[in-house]
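K.L.:
Each chain, written out:
Number of protein chains: 4
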Amino acid sequence: MSGSSFGKLFRITTWGESHGAGIGVVIDGCPAGLSLTPDMIQIFLDRRRPGQSKYTTKRNETDTAEILSGVFEGKTTGTPISVLVRNQDQRSRDYGDIAHTFRPGHADFGFFEKYGFRDYRGGGRSSGRETIGRTAAGAVASALLKEAGITVRAYAKSIGPYTVAEEDYKFSEIFENSFYMPNNAAAEQAAGYVSGLMENCDSCGGIIECTASGLPAGLGEPVFEKLDALLAQAVMSVGAVKGVEIGDGFRVSSSVGSSNNDPFYMDGGCIRKKTNHAGGCLGGLSDGSALILRAAVKPTPSVARPQHTVNEAGEDAEIVVKGRHDPLIVPRAVVVIESMTAITLADLLLQNMCSKIEHVRKIYTEG
Amino acid sequence: MSGSSFGKLFRITTWGESHGAGIGVVIDGCPAGLSLTPDMIQIFLDRRRPGQSKYTTKRNETDTAEILSGVFEGKTTGTPISVLVRNQDQRSRDYGDIAHTFRPGHADFGFFEKYGFRDYRGGGRSSGRETIGRTAAGAVASALLKEAGITVRAYAKSIGPYTVAEEDYKFSEIFENSFYMPNNAAAEQAAGYVSGLMENCDSCGGIIECTASGLPAGLGEPVFEKLDALLAQAVMSVGAVKGVEIGDGFRVSSSVGSSNNDPFYMDGGCIRKKTNHAGGCLGGLSDGSALILRAAVKPTPSVARPQHTVNEAGEDAEIVVKGRHDPLIVPRAVVVIESMTAITLADLLLQNMCSKIEHVRKIYTEG
Amino acid sequence: MSGSSFGKLFRITTWGESHGAGIGVVIDGCPAGLSLTPDMIQIFLDRRRPGQSKYTTKRNETDTAEILSGVFEGKTTGTPISVLVRNQDQRSRDYGDIAHTFRPGHADFGFFEKYGFRDYRGGGRSSGRETIGRTAAGAVASALLKEAGITVRAYAKSIGPYTVAEEDYKFSEIFENSFYMPNNAAAEQAAGYVSGLMENCDSCGGIIECTASGLPAGLGEPVFEKLDALLAQAVMSVGAVKGVEIGDGFRVSSSVGSSNNDPFYMDGGCIRKKTNHAGGCLGGLSDGSALILRAAVKPTPSVARPQHTVNEAGEDAEIVVKGRHDPLIVPRAVVVIESMTAITLADLLLQNMCSKIEHVRKIYTEG
Amino acid sequence: MSGSSFGKLFRITTWGESHGAGIGVVIDGCPAGLSLTPDMIQIFLDRRRPGQSKYTTKRNETDTAEILSGVFEGKTTGTPISVLVRNQDQRSRDYGDIAHTFRPGHADFGFFEKYGFRDYRGGGRSSGRETIGRTAAGAVASALLKEAGITVRAYAKSIGPYTVAEEDYKFSEIFENSFYMPNNAAAEQAAGYVSGLMENCDSCGGIIECTASGLPAGLGEPVFEKLDALLAQAVMSVGAVKGVEIGDGFRVSSSVGSSNNDPFYMDGGCIRKKTNHAGGCLGGLSDGSALILRAAVKPTPSVARPQHTVNEAGEDAEIVVKGRHDPLIVPRAVVVIESMTAITLADLLLQNMCSKIEHVRKIYTEG
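Residue numbers (this note's numbering), protein chains in the order written: chain A, 1 to 367; chain B, 368 to 734; chain C, 735 to 1101; chain D, 1102 to 1468.
Next comes chain A alone, as it looks inside the complex:
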């Protein structure tokens, strides 16, 4: 119960169903005095909204954000920031035929078993639209991080089998292609691949990579709220994500200590690491290097072809999922992963302020 909140000091609570009145988030614990405008939130929402390209659902919604509280004269007041996005294009009829049948790859069955019945319209709470609240909060978290010199950036590293190798990264191209890949040529190939799947009524997944720079060393709270542990929760909580890794991730399992360790060295008075296999996180704390995480995103489960399943009556059935679905959700999920990363970092940034007594003195006795 009550699993709709995330964060300890910078705390978000999301609400809303795909086809209800709207979707929203309450952001509590944002420090007062941060400049915040609706535009700053809209820019993030526009990165995840439908209808951006022919590779995303035709569902047409502007997803316009309204800030209902917590901001006065352009600045946060320290009180809860409530953001509301009204649902517009709700074609409930699209879902009528699956009202009582469980879609394979979806949460339908689990929700039915857990709650006894379910809002079947567009997946209800388990719809991808739930991420609107996360994304709005991500915009606020990013603004807060900027105050501490921290920037977060996510992009699609892989679309299906098409991957961009690190040496081919061209970050300037991320916003130049439909998939938010850091390489237009790779995006071109991916486009062909996805078009083929669409003709075939199929879908694909991919890998989203997210990096953060400017992090001070020491962020993360031992032992259960380590930086990597909370990032893992934050990212895995996004629908369709089936795996999370930090730095070399799964590759470390076949590496050896002598080469996996990142040697420290002095660089003009700064402590740096010669390599970054750790992905900026050692022992659950940021180590001053760039944070690197990856999320594995599964193929959109809604495919417009007959699938075998069962219904609420406990009978075998065949289902054809109608509606307007994304052939892959990776492009629209990029900003969601970036947002969850920013939210996690914002919370740990605040918590870390209380890590040592010098900080307490700095705030209260040197004021």
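Do not rely on the hints blindly, as some may be mistaken.
Unchecked claim - Heads up, incomplete: computed chain C residues facing chain A, CB under 10 angstroms, no partners named:
(1) Gly741
(2) Phe744
(3) Ile757
(4) Pro765
(5) Ala766
(6) Ser803
(7) Gly804
(8) Lys809
(9) Gly812
(10) Pro814
(11) Arg820
(12) Tyr849
(13) Arg855
(14) Met1000
(15) Asp1001
(16) Glu1092
Claimed, not checked - For lysine-lysine, the following BS3-like pairs were computed, each having C-alpha atoms within a straight-line distance of at most 30 angstroms:
(17) D:Lys1463 - A:Lys362
(18) B:Lys641 - A:Lys322
(19) C:Lys1056 - D:Lys1375
Stated by the list, open to error - Derived DEER-like restraints, expressed as beta-carbon distance ranges:
(20) A:Lys322 - B:Gly581: 34 to 40 angstroms
(21) B:Lys641 - D:Arg1462: 55 to 61 angstroms
(22) A:Thr151 - B:His675: 28 to 34 angstroms
In short, the hints are calculated from the structure, not lab data.
Because the structure is a prediction, the values reported are computed rather than measured.
Where is the CB? At the ideal position from N, CA and C, for every residue including glycine.
Given chain A's structure and the hints, the job is docking chains B, C and D onto it.
P.N.:
Chains B, C and D alone, transformed into the frame defined by chain A:
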């Protein structure tokens, strides 16, 4: 701050440093009336204690658990269960030479930056010994899960490059080899590999797989406390884990929807899935199939060879990590991953009791 | 930071300022399958809305609630219930002259010191309108409690110096007078008293009493989340409340053990208490008797007469608080205290379901 | 479930039963670098330990604290501080005869109903010994507060009907009498009163007052974690407390706004209040004046005279509570109330560090 607790209803709080007086855990929220003996906890602790084989540290500690509270006449009372394990074999001198130098691959630098100074003896709080508390709690969680017909089992799927394919799993052999691998022959090969590394003063990692059976469908709390999200936090919070995946995990990124979806079907009145690419988790809720997760464990960073690093004074330095270290921590981490999985499931099992009003009536008005 | 949430399983998060776009609450963790209509919430809101009598502010707002999520086909779905009330009658100009001067008896100074600046319009977040969210949540909590046979009732025991003695309680009269007092004659006297204060540009306080019947014994979670401890937090968190007591409350300080103890006895197979000095709570757990708590409410600090104070520039100043204020907030606060009590009980009712292993078996193995 | 923790950043978790192996607390989230010695904790524990005077139980225990973790070379490390106090003088036989009978005024019945059975030895978890953990944590919190110039002081304002009026406070005498009253003469009278009760096998209660000075304005987190709300929870969670009030408390109910408001004025560049009816808390935030709270403590329920009650078999019975009980617990509870106040303030002091963006910049960009 205060990141030493995990869980909402079944809540654990661990404490203790490698070379302090002891290590322990407080388990709060365990239902009353559960049979619990020190032996049940000791069996778990013995699976992670040092000196089990020539492939683990020679550090010799019995790690004997004392239950200080919460149990009366062999049953849990519903009050906090405090478990204490005294530290015994503390060779602080082993660590004197690294007191002010940062070990590569360790949390030393992060702790120093975060807290301003650190208990350098054996890594202090960031030592692997911290997992003793998790393991003791795992024993209690497993006993609780058993009451609901749920069993959890972990094993080493890979040791360095040596992996056991699913078709070769022989679960009866897990406890017959030094690595807790589900295949003695593979363990034999791994043994040779590890011996070679040891002669070479090097170390390796591996992959731990954990499964849970008997789970009812619907466990997990949308949207941030989903089953997979909390498991990801729980597992990633274990030192040395750099990646977590559920079901097909990272493989889903190159799969297609039509084959990645698991079709439901009726099997003698029960709803089952023909495949389990989802690893028993759909939309963040258990789906009634076996839960499957994997954790990527990095090579032990403590290798007995010269490494380049820096010291607290900000000078380049060379370090040789002495002490008695495991050439790989995978074998001893198996029970830790199993424990974190059990703890997460126990908490969600309790939370799920409040999911629907029928349950409330069942407890309060049908009593 | 992030202090806008209350409850562990039945968890509410309120947001909104007096003169912002609106006020709302997100209720997370309400079990699925509970019948819930907007009317049920509106009935509660109407009990606290302005303009009910000549003894409440003339500010005229209907405070109409809109349920934005969490309810489908008249039943809760188990997902967050978001309730929105738009602000209507916002006369910001009323507050212009106190924008930079601290009102005595208000939170102005504290907010300014804490956040560096403040939304001065009508007190912003510290306005009494913040309780709209609590009240809407109270309606949902009350509906949940009813499923377990629990009813909560609050009323004004005292208005200024006018108190209704227990022997004079006439509960049928609570809704027959402007003050929600359980005795119309006493309310008549109070009316005269309040009218006199109004002519004198002054205000008064009072005591609100709240009782709950039908509680099973054992609600409350030792040791910091005891029934009385959480009720104390819940009630004291309501603006203007300066004291909370359970049962005989402060009178116990001059009592003796032999008479303060409530003897248990058997009454037709039921365990009862001959007296209820404890107010239904022993050792922090409900004892099966009626729960009784009282809240001391201070006089409305906004009085339309000149008061000495200081301004943000650190200068002495005189202030005359304009605007339309209640001569006493007790009548409108009655439903707020009832709501906070219901919310606290609802959360503890759910938590208590996990108190013993028999309950776990009842839900999972006897299903 | 899991109600044994308190605090968000400065978080304590207590455990232990009266007649188990021991009692303890884990203090998580204490900033690193705070000087802490076992003596500092012992001084607090000695103020609550039994056998201090003829007016406290003869139960003789030294209650010696052992710090098991979180302190290195005399300073806190930022990791959990685990404190253990072994139980010594356990005369379980004293309790044999009440093993299955419910003591009036105690939690016995509630525990039995909640958990299905109970550790009847000395009340188990509901024993007053549970406060040892709170008191040890209070010592740490007080040390932390001192770093910010905050001091907390509690004393017995009333013993039964004997009250010390504010004008008679002589704080230097608090530690000169058996009751920790701020006036030896009043303590003398109280001594006579208590002696009479003891001869009569009866007990009494009292009122404990606690003040805090040096608080910056703005501590407290709107709206549910206000300063007064959390203090109310903290203090009411102490066994035997039946009422909590801030400042004028219950007296405000019969006051009027014009006299209850505290006028602000400038005093040599500082903003002060001419009066302090608010007890240092306005709108849930500290207002820069002295914090004042009072707790009403009930008479010790254990009286050595026959009382009517029922047993677990549901039969009427007579009980005579043997054992060595305090004729009043007020004197020993003084340090417990002081500790809970300090713990609450320490947590809010840390949370308040994140209230505004200037603080974030101060820590991260002006470093």
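K.L.:
For each hint, tell me whether it holds in the structure or not.
P.N.:
We went through each hint and held it up to the structure:
1. Gly741: Where the cut-off is 10 angstroms and the nearest Cβ of chain A is about 7 angstroms from glycine 741 (chain C), the hint holds.
2. Phe744: Hint on phenylalanine 744 (chain C): holds, closest Cβ of chain A at ~7 angstroms, below 10 angstroms.
3. Ile757: holds, 8 angstroms
4. Pro765: holds, 8 angstroms
5. Ala766: Alanine 766 (chain C) check passes; min Cβ-Cβ to chain A is 4 angstroms, inside 10 angstroms.
6. Ser803: holds, 5 angstroms
7. Gly804: With a closest approach of 7 angstroms, the glycine 804 (chain C) hint holds.
8. Lys809: holds, 7 angstroms
9. Gly812: holds, 4 angstroms
10. Pro814: OK, holds: proline 814 (chain C) within 10 angstroms of chain A, min 4 angstroms.
11. Arg820: holds, 9 angstroms
12. Tyr849: holds, 4 angstroms
13. Arg855: holds, 8 angstroms
14. Met1000: violated, 37 angstroms
15. Asp1001: Result: violated, 36 angstroms to nearest chain A Cβ.
16. Glu1092: Since the shortest Cβ distance to chain A is 21 angstroms, the answer is violated.
17. D:Lys1463 - A:Lys362: Holds, at about 8 angstroms.
18. B:Lys641 - A:Lys322: holds, 23 angstroms
19. C:Lys1056 - D:Lys1375: Given pair lysine 1056 (chain C), lysine 1375 (chain D) holds - Cα atoms ~23 angstroms apart, limit 30 angstroms.
20. A:Lys322 - B:Gly581: 34 to 40 angstroms: Holds, at about 36 angstroms.
21. B:Lys641 - D:Arg1462: 55 to 61 angstroms: The hint (55 to 61 angstroms, Cβ to Cβ) holds, given that lysine 641 (chain B) and arginine 1462 (chain D) are roughly 57 angstroms apart.
22. A:Thr151 - B:His675: 28 to 34 angstroms: holds, 29 angstroms
Going through the hint list in order, the structure does not satisfy hints 14, 15 and 16.
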